[in-house]
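*Asks:* For reference, the chains in residue letters:
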Amino acid sequence: MARTEAEKAERLSRLRAGSAVGLGLAFPIAQTLSLGDPVWGSSNVIHLLAWFVWAAAFAVFLVWGAGLFRGRIARLANDETTVENRNRALGMGFWGAVIAAFLAYWASFYEPITARDACRFIITFAATPALIRFGLLELRAIRDG
Amino acid sequence: MAERLGNRLKEARAAMGLTQAELAERTGVTRKTINTVENGIFVPSTLLALRMAQVLGRPMDALFFIDTD
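Line by line, the protein sequences are chains A and B. Counted the way our numbering counts, the first sequence spans residues 1 to 145. Counted the way our numbering counts, the second sequence spans residues 1 to 69.
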């Protein structure tokens with residue numbers, strides 16, 4: 001059965017919201033596993049590729065938002081509510097990054113931290129709450145009133 | 001005293017026999033936006049509020065009002 005553009009946009013929003021929560025939960029686990037020396041002896045190239053994958057996922061969920069859709073579906077999938085939810089999520093991510101930066105600075109007095117680990121720590125604390133908050137706000141909005 | 005934007009969107013929509021999805025279609029947003037506005041979760045932009053009023057054939061101040069706790 002053919003779906004209308006509005007139905008496609010709503011389906012996309014629902015999928016995006018669920019994926020954002022899932023990604024937000026998976027991200028800190030992946031980052032914890034890769035802190036310090038590589039656990040499975042992976043090379044820098046693999047680490048770099050993994051970062052590109054994460055960066056692309058963040059762009060899709062938090063910045064770009066409409067996946068491969070264009071035109072009206074993309075506009076509907078990024079309507080006023082989504083823009084507002086995204087802004088609120090990014091605001092939370094910003095404060096997460098600030099707090100993480102302070103924590104990393106404080107911890108560096110007691111434990112040597114490499115620049116790479118500090119970056120991961122900060123990005124994880126920024127991205128995780130932003131993704132989860134965006135997903136939860138979207139799911140709450142989608143829920144029947 | 002806290003102020004929030006109250007609305008009579010649900011009543012006006014029901015009076016016209018429209019579903020949330022139909023109102024969303026006519027105003028160019030998704031059903032979730034209509035849902036969140038009706039439930040007071042989301043405050044719409046002036047532009048969207050005007051479009052809703054236009055579609056529902058009501059003046060803006062008949063649809064939206066300041067609700068004080």
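Everything labelled a hint here was simulated from the structure, so no lab data went into it. Incorrect hints may appear among the rest.
To be verified - Covered, in the sense of this in silico footprint (three residues per stretch, anywhere, with C-beta under 8 angstroms from a C-beta of chain B), are these stretches of chain A: (1) 6-18; (2) 73-80; (3) 132-143.
Unchecked claim - Not the full set, but computed from the structure, chain B residues with beta-carbon under 8 angstroms of chain A: (4) R13; (5) A15; (6) R26; (7) T33; (8) N35; (9) P44; (10) T46; (11) L50; (12) F65.
The model shown is predicted, which means the values in this text are computed figures rather than measured ones. Where a beta carbon is used, it is the ideal one built from N, C-alpha and C, also for glycine.
*Asks:* Provide an ascending list of the numbers of those earlier hints which the structure does not satisfy.
*Replies:* Violated hints (numbers, rising): 4, 5, 6, 10, 11, 12; every other hint is consistent with the structure.
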